[in-house]
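Here the protein sequences line up with chains R and B, keeping their order.
Taking my numbering as reference, the numbering of the first sequence is continuous, increasing by one, and the terminal residue is 111.
Taking my numbering as reference, the numbering of the second sequence is continuous, increasing by one, and the terminal residue is 361.
Because the hints were derived from the structure by calculation, they are not lab data.
Don't take each hint at face value.
Computed cross-link-like contacts, EDC-like style, restricted to lysine to aspartate or glutamate with a CA-CA straight-line distance of at most 16 Å [what the hints assert, rightly or not]:
1. B:K319 x B:E254
2. R:K55 x R:E80
3. B:K319 x B:D332
4. B:K348 x R:E52
5. B:K319 x B:D256
6. B:K348 x R:D69
7. B:K348 x R:D(-1)
8. B:K318 x B:E266
9. B:K275 x B:E254
Treat the numbers as computed from the prediction; the structure is a model and nothing was measured.
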Amino acid sequence: DSGVTQTPKHLITATGQRVTLRCSPRSGDLSVYWYQQSLDQGLQFLIQYYNGEERAKGNILERFSAQQFPDLHSELNLSSLELGDSALYFCASSAQGSYEKLFFGSGTQLSVL
Amino acid sequence: SQQGEEDPQALSIQEGENATMNCSYKTSINNLQWYRQNSGRGLVHLILIRSNEREKHSGRLRVTLDTSKKSSSLLITASRAADTASYFCATDLGSSASKIIFGSGTRLSIRP
């Protein structure tokens, strides 16, 4: 158990809809990272937050947004969903910056039908 | 865009043999990490090597880093069935250390 909690584990929705994925980092970890993994693909970096502030952005679509709350949990919002958004979305946390190893949650499997 | 690229994409070996995976990256880094992913599950950190280190060991794992060639290798010795998984290298972009970018991974299969 990595200590990172992601909910829900599975999400099935329709095109055009909006969903929210939730992540609770390990106790004490200030950084949260979001990644997208499509079938048989590597992980695509989406965005990183540190102590409530956005620190780095990857190839995140404008339809996607995220935030980190004062209690350090984070949410990834995906809107106007398309079939191609179907993927495994991972959250990871680390103690500080990028010099520490990442602890990954078990992911949210999103299926857009 | 991918910062790291693993080679080979897939590798199948006999149990007990050694497995070697390579990772090449494009820009300067602060550190390089290797992770393992069992099918459909979250990634698990294996080892981190800093840019000023050349080799690191952890149990049956040996990682090397050649910053002049912008490459790293992961060696798993005496492979076991439980080593069957995908292996990813991850690098931070030296100029923007907040981005930890993963390669496309090597799928390792261990035959009994």
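Next on the checklist: Checking one constraint from the list: CA of K348 (chain B) to CA of D69 (chain R), max 16 Å. Satisfied?
Outcome noted: Status violated; Cα separation ~23 Å.
Next on the checklist: Just to be careful, I want the Cα atoms of K319 (chain B) and D332 (chain B) compared with a cutoff of 16 Å; is the pair within it?
Outcome noted: Status violated; Cα separation ~26 Å.
Checklist entry - Do the alpha carbons of K348 (chain B) and E52 (chain R) lie within 16 Å of each other, as the hint requires? => result Distance ~11 Å between K348 (chain B) and E52 (chain R) Cα, so the pair holds.
Checklist entry - Straight-line Cα separation of K319 (chain B) and D256 (chain B) no greater than 16 Å? => result 14 Å, holds
Checklist entry - Straight-line Cα separation of K318 (chain B) and E266 (chain B) no greater than 16 Å? => result Violated, at roughly 27 Å.
Next on the checklist: Between the alpha carbons of K55 (chain R) and E80 (chain R), is the straight-line distance 16 Å or under?
Outcome noted: 21 Å, violated
Checklist entry - Hey, K319 (chain B) versus E254 (chain B), does the alpha-carbon distance stay inside 16 Å? => result OK: K319 (chain B) and E254 (chain B) at ~11 Å, within 16 Å.
Checklist entry - Are the Cα atoms of K275 (chain B) and E254 (chain B) separated by 16 Å or less? => result Roughly 9 Å separates the two Cα atoms, so the pair holds.
Item to check | Hinted pair K348 (chain B) and D(-1) (chain R), Cα distance within 16 Å | outcome: The given pair, whose Cα atoms are some 24 Å apart, is violated under the 16 Å limit.
In the structure shown, a violation is registered for the earlier hints numbered 2, 3, 6, 7, 8, in ascending order.
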